[in-house]
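J.: Using the sequences and the hints, build the whole thing.
Note that the sequence shown covers residues 1 to 777 in full-length UniProt numbering.
Note that these hints are calculated values from the structure, not bench results. One should not assume that every hint holds.
[Claimed, not checked] Here are the computed lysine-lysine pairs in the BS3-like style, where the Cα-Cα straight-line distance is at most 27 Å:
| # | residue 1 | residue 2 |
| --- | --- | --- |
| 1 | LYS338 | LYS261 |
| 2 | LYS261 | LYS302 |
| 3 | LYS302 | LYS508 |
| 4 | LYS432 | LYS377 |
| 5 | LYS510 | LYS345 |
| 6 | LYS432 | LYS305 |
| 7 | LYS425 | LYS510 |
| 8 | LYS735 | LYS707 |
| 9 | LYS707 | LYS730 |
| 10 | LYS119 | LYS338 |
| 11 | LYS735 | LYS432 |
| 12 | LYS278 | LYS338 |
| 13 | LYS119 | LYS138 |
| 14 | LYS305 | LYS500 |
| 15 | LYS138 | LYS302 |
| 16 | LYS338 | LYS305 |
| 17 | LYS510 | LYS500 |
| 18 | LYS302 | LYS510 |
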Amino acid sequence: MGQVFIRRSTAVLLLLVGALCIVCVALLVLLLAPDWRATGGETSAHSMSLDATPPGIPREAPFTPRDTPAPATTTTTTTTTTTPQEPWARQYRIPRSTLPHHYDLYLHPDMEQGDFTGKVTILIGVTAPMTYLVSHVKKLNVTSTVLVRADGGEVPLERTFEYEPNQFWVVVPDEVLQPGNYSLTMEFTGTLTGSIVGFYRSTYTNAAGEKRYMATSKFQPTDARSAFPCFDEPSFKSTFSTTLIRPSQDYIALSNMPVLKEIQDSPQRGLTEVVFMKSVPMVTYLACFIVCDFQHVEILTKENKPFRVYTTPDQISRANYSLQLGVNVLNYFEDYFKVEYPLPKQDMIAIPDFISGAMEHWGLITYREVNLLYDPKGSSSYNRQRVAAVVAHELAHMWFGNLVTLEWWDDLWLNEGFASYIEYKGVAHYEKDWDMEGQFVVDDLHRVMTLDGQLTSHPIVQPVSHPDEITEIFDTISYSKGASVLRMLEDFLGPEIFRKGVSQFLQKYKYQNAVTRNLWEELEAVVPGRGLNITSIMDTWTRQMGLPVLNVSPSPDDPGKLEVTQTRFLSDPTAVSDLDSPYGYKWDVPVTLISDASTRELHWFMRGDQNLVVNKPPGSTWVKFNVAQYGYYRVNYDLTLWRDLIALLATNPEALSPPDRASLIDDAFNLASAGQLPYPTVLSLIAYLDRETHYIPWATASSHLDKMGRLLRRTEAYPNFRKYMVSLVKGHVEKLGWEDTGSHLDRRKRLWLMFLACSNGYEPCMQGSQGASLGLG
Numbered sequence: 001m002g003q004v005f006i007r008r009s010t011a012v013l014l015l016l017v018g019a020l021c022i023v024c025v026a027l028l029v030l031l032l033a034p035d036w037r038a039t040g041g042e043t044s045a046h047s048m049s050l051d052a053t054p055p056g057i058p059r060e061a062p063f064t065p066r067d068t069p070a071p072a073t074t075t076t077t078t079t080t081t082t083t084p085q086e087p088w089a090r091q092y093r094i095p096r097s098t099l100p101h102h103y104d105l106y107l108h109p110d111m112e113q114g115d116f117t118g119k120v121t122i123l124i125g126v127t128a129p130m131t132y133l134v135s136h137v138k139k140l141n142v143t144s145t146v147l148v149r150a151d152g153g154e155v156p157l158e159r160t161f162e163y164e165p166n167q168f169w170v171v172v173p174d175e176v177l178q179p180g181n182y183s184l185t186m187e188f189t190g191t192l193t194g195s196i197v198g199f200y201r202s203t204y205t206n207a208a209g210e211k212r213y214m215a216t217s218k219f220q221p222t223d224a225r226s227a228f229p230c231f232d233e234p235s236f237k238s239t240f241s242t243t244l245i246r247p248s249q250d251y252i253a254l255s256n257m258p259v260l261k262e263i264q265d266s267p268q269r270g271l272t273e274v275v276f277m278k279s280v281p282m283v284t285y286l287a288c289f290i291v292c293d294f295q296h297v298e299i300l301t302k303e304n305k306p307f308r309v310y311t312t313p314d315q316i317s318r319a320n321y322s323l324q325l326g327v328n329v330l331n332y333f334e335d336y337f338k339v340e341y342p343l344p345k346q347d348m349i350a351i352p353d354f355i356s357g358a359m360e361h362w363g364l365i366t367y368r369e370v371n372l373l374y375d376p377k378g379s380s381s382y383n384r385q386r387v388a389a390v391v392a393h394e395l396a397h398m399w400f401g402n403l404v405t406l407e408w409w410d411d412l413w414l415n416e417g418f419a420s421y422i423e424y425k426g427v428a429h430y431e432k433d434w435d436m437e438g439q440f441v442v443d444d445l446h447r448v449m450t451l452d453g454q455l456t457s458h459p460i461v462q463p464v465s466h467p468d469e470i471t472e473i474f475d476t477i478s479y480s481k482g483a484s485v486l487r488m489l490e491d492f493l494g495p496e497i498f499r500k501g502v503s504q505f506l507q508k509y510k511y512q513n514a515v516t517r518n519l520w521e522e523l524e525a526v527v528p529g530r531g532l533n534i535t536s537i538m539d540t541w542t543r544q545m546g547l548p549v550l551n552v553s554p555s556p557d558d559p560g561k562l563e564v565t566q567t568r569f570l571s572d573p574t575a576v577s578d579l580d581s582p583y584g585y586k587w588d589v590p591v592t593l594i595s596d597a598s599t600r601e602l603h604w605f606m607r608g609d610q611n612l613v614v615n616k617p618p619g620s621t622w623v624k625f626n627v628a629q630y631g632y633y634r635v636n637y638d639l640t641l642w643r644d645l646i647a648l649l650a651t652n653p654e655a656l657s658p659p660d661r662a663s664l665i666d667d668a669f670n671l672a673s674a675g676q677l678p679y680p681t682v683l684s685l686i687a688y689l690d691r692e693t694h695y696i697p698w699a700t701a702s703s704h705l706d707k708m709g710r711l712l713r714r715t716e717a718y719p720n721f722r723k724y725m726v727s728l729v730k731g732h733v734e735k736l737g738w739e740d741t742g743s744h745l746d747r748r749k750r751l752w753l754m755f756l757a758c759s760n761g762y763e764p765c766m767q768g769s770q771g772a773s774l775g776l777g
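T.: Right under this line is the structure:
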C-alpha cells in the first residue's frame with residue numbers, strides 16, 4: 001500500500017509541476033510584451049528636473065470658473081484591480097510631466113451629520129504625451145470624474161479608479177493625452193469624523209454648557225488628499241480659488257485668503273456660500289478651511305494688513321498677548337528677511353482639539369489652544385514663553401516653508417530647522433529681557449546633542465523613499481539640530497552676512513521649491529572674498545549623524561601651544577556603530593576660544609587634518625573653547641585645563657557668559673556619563689553653583705542633578721547627595737522666596753530651584769502647600 005501511494009503522489013506532483021510551468025511561461029510572455037500605453041512621456045519623478053513650469057505652459061493659465069456646468073457625460077468608478085506593471089503602480093510619486101496649475105475647490109461640510117461633499121477642478125499642464133493621469137485621494141468617495149481639453153472638448157475616459165497602495169485616483173483616457181492644458185473635475189464625499197487630521201469636525205462646550213461644532217483642517221504632511229483630490233506633494237505649487245459653505249446664522253468661514261464675496265441662502269436656504277480670493281502659488285498641505293462660530297481681536301501690520309487672532313467666544317480675553325506679540329514679530333521678520341509678507345492678511349486661530357502644537361497654513365495659522373492663548377492672571381511664565389515661541393516659529397514659516405518650500409521631504413529641516421532658530425530672534429525682538437540667545441542653549445542645543453550622541457540618531461538631511469517615512473523625520477533632529485547648525489553657521493559667518501544670504505535665498509526662490517544646497521550657494525555668494533566652501537563645510541554637519549568631541553591638551557612639544565583632536569562623541573562608551581558615514585565621522589569644525597588674556601579667536605579644524613595646534617594666549621590662566629557654545633560639539637580638556645576652569649568658576653564665575661558656564665556643566669556631565677571624565681571633576685566644577693544666579697546654568701545643571709539623584713536613589717550615597725543638593729540651593733531659595741514674582745528669568749529659575757529643593761527634602765517644602773502652589777507638589 002505504501003509503495004502504490006508513493007507512485008500515485010509522485011504522478012500527481014509531476015502533473016502539478018507541468019501545469020505551473022505552463023502558467024509561468026504565459027506570465028513571462030505577458031511581462032515581456034511591450035506596454036502599448038508606455039508612450040515615453042512618463043518619467044520617474046526622481047530623474048526628472050524639478051524646475052519651474054516648462055515652456056509653453058503659463059503659470060497663470062486660463063481657467064474655467066467653478067460654476068461653469070460640467071459636461072453631462074461622467075465616469076464613476078471606485079475600485080478596480082491593477083498589476084504591478086502598470087505605470088501608476090510602479091512609482092509612488094506623481095509624474096513630473098503633469099503639473100497642477102490651479103484648483104477651483106468647493107467644500108460643503110455638514111457639521112451636524114459629520115460629513116462633507118465637494119467638487120474640485122484642477123487645471124493640469126501636461127508636458128509630454130501621457131496615457132493616464134493620477135492625483136492623490138485618501139478616504140474619499142469620488143462620485144464623478146470628467147476630463148476636458150483646453151478648447152472645452154471632453155476627453156472620453158476608459159476607466160477611473162482608486163489605486164489604494166499609492167493613494168492614487170487614476171484616470172485612464174481612451175486616447176493618448178498630448179501636451180497642453182486639461183481640466184480634471186471630480187465630485188466627491190468624505191467624513192468629518194473619526195480623525196483629527198485632514199478635514200475634520202472639532203467640538204467644544206461653551207460657557208452655557210452647549211456643545212458646539214466646527215469644521216477645520218490639518219493637512220501636513222499628506223492629508224490634503226483626504227479632503228479633496230489633489231497633487232499632494234511639496235514640489236507642486238498651485239493657486240487656489242476656494243468656496244466654503246457655512247450655516248448662515250452664527251458661523252463664519254475662513255481660509256488662506258480674504259473673503260471675496262458671500263452669497264446667502266445659496267444653494268439652499270439657511271446656508272451661505274463664501275468665496276475667497278485667489279491664492280498665491282502654494283503647496284496643498286498649506287491650504288486651510290475652517291467653518292466656526294469664533295470671535296476675533298484685530299490689529300494692523302506696519303503695511304496696514306489685518307492681523308487677527310480667533311478663538312472660542314468664551315476665551316477671547318486670552319487672545320491679546322499673541323495678537324500683540326504676533327504683529328510685532330511679523331513686522332520684524334519683514335525687516336529681517338527684507339522680503340514683504342506676501343498675503344493680504346494674517347489670521348491665527350486656536351482649535352479646541354488639534355493634533356499638532358501648531359500648523360503654518362499660509363495666512364491662517366492653526367494652533368492648539370495652549371500654544372496661542374495666554375492669561376496673565378492665571379498662566380505661568382513657562383506658558384507665556386511657550387506661546388511666544390510657537391507663534392514666532394509659525395510666523396517664520398510664512399517665509400521659510402511657505403514662500404520657499406522644500407522640494408521633497410528629504411529637506412524638511414529647511415522648513416523646521418530654520419523656523420526653530422529664527423523663532424528665537426522673533427521672540428527676542430518683542431521680549432528683550434528674556435535672554436533668548438542664551439535660552440537656545442538650554443532648550444534646543446543641549447537636548448539634541450544628547451540625542452545625537454546615540455547610535456539611533458540620523459542625519460539632518462534624511463532620504464525619504466516612501467510617504468510612510470515622512471512623519472518619522474518630524475523629530476528633534478530636523479528641528480533642534482537643524483536650528484543648532486544654523487546658529488553655528490551664523491556665528492562663523494557673522495550675523496549680517498548670514499542675514500544677507502538668507503534674504504537673497506528667499507528672494508531668488510520665492511514661490512518656488514528649494515533644496516539644501518540652494519541655501520549654501522546663496523550664502524557662499526555673499527561671503528567676502530568667497531573664502532569658505534559653505535557646501536563642503538555644512539555637508540559634514542547635515543549629511544552625517546552625530547557630533548564630535550574636541551580633546552584639548554597642552555602640546556607635548558611646546559607648552560605654549562594647545563593641541564586639539566576630534567573624535568565622534570557617543571554617550572555609550574561601549575557602543576559600536578555599524579553605519580558608515582561618507583565623511584568618516586569627521587567634521588569641519590569652527591573652533592573658537594577665549595581666555596583671560598585674549599578676545600575671541602576662530603580657527604578651522606578641517607576633517608582631513610590629524611589635529612589642530614593653536615597658541616595658548618600668553619599670560620592666560622585659563623582657556624575656554626567653544627565660546628558661548630555656538631559650535632555643535634563637545635569639548636573635553638586635559639585635567640590641568642579643567643582645574644583652571646574650576647578655579648575660575650570658584651573665584652570669578654562672571655568672567656564667563658551664562659551660556660559658557662552652561663556649556664561647561666553640560667559637557668562635563670555628558671563626558672562623565674560616557675566614561676571620558678572622572679565624576680569628581682564634575683562635582684568640583686558644579687561646586688560653584690551656590691554662587692550661580694543666572695537661569696541658564698541652573699536649568700542646565702538641574703536636569704543633570706535630577707538624573708544623578710534618580711540613579712543614586714537606591715544606593716548608600718543617596719542621603720549625602722540629598723544633603724549636598726539642599727546646600728547648593730538653600731540660599732537661592734531663601735533669597736527668591738515662594739511667591740511667583742520677579743523677572744521672567746527669575747520666575748523660571750525659581751521653578752528649577754524649588755524642584756531641586758523639594759525633591760531632596762528641603763524642610764520648608766514639607767510645611768504647608770508652598771510647593772504645590774508652584775506645581776511642585
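J.: Between LYS278 and LYS338, does the CA-CA distance stay at or below 27 Å?
T.: Distance ~25 Å between LYS278 and LYS338 Cα, so the pair holds.
J.: Verify the proposed pairing of LYS510 with LYS345, using a straight-line Cα cut of 27 Å.
T.: Distance of about 18 Å is within 27 Å: holds.
J.: Please verify whether LYS261 and LYS302 have alpha carbons no more than 27 Å apart.
T.: holds, 26 Å
J.: Holds or violated: are the alpha carbons of LYS338 and LYS305 at most 27 Å from each other?
T.: holds, 17 Å
J.: Need the status of pair LYS119, LYS338: alpha-carbon distance at most 27 Å?
T.: Not satisfied, since the Cα-Cα distance of roughly 39 Å exceeds 27 Å.
J.: Between the alpha carbons of LYS735 and LYS432, is the straight-line distance 27 Å or under?
T.: Holds: LYS735 and LYS432 sit about 25 Å apart, inside 27 Å.
J.: Keeping to a limit of 27 Å between CA atoms, is the pair of LYS707 and LYS730 held or broken?
T.: Holds - the C-alpha atoms of LYS730 and LYS707 are around 19 Å apart, at most 27 Å.
J.: Are the Cα atoms of LYS305 and LYS500 separated by 27 Å or less?
T.: holds, 26 Å
J.: With a cut-off of 27 Å on the C-alpha distance, tell me whether LYS510 and LYS500 pass.
T.: Given pair LYS510, LYS500 holds - Cα atoms ~15 Å apart, limit 27 Å.
J.: With the threshold set at 27 Å, check whether the alpha-carbon distance from LYS735 to LYS707 stays at or below it.
T.: Holds, at about 25 Å.
J.: Need the status of pair LYS432, LYS305: alpha-carbon distance at most 27 Å?
T.: The hint holds at about 25 Å.
J.: For a C-alpha distance cap of 27 Å, please report whether LYS425 and LYS510 respect it.
T.: holds, 22 Å
The structure is inconsistent with the numbered hints 1, 10, 15, although it conforms to all the rest.
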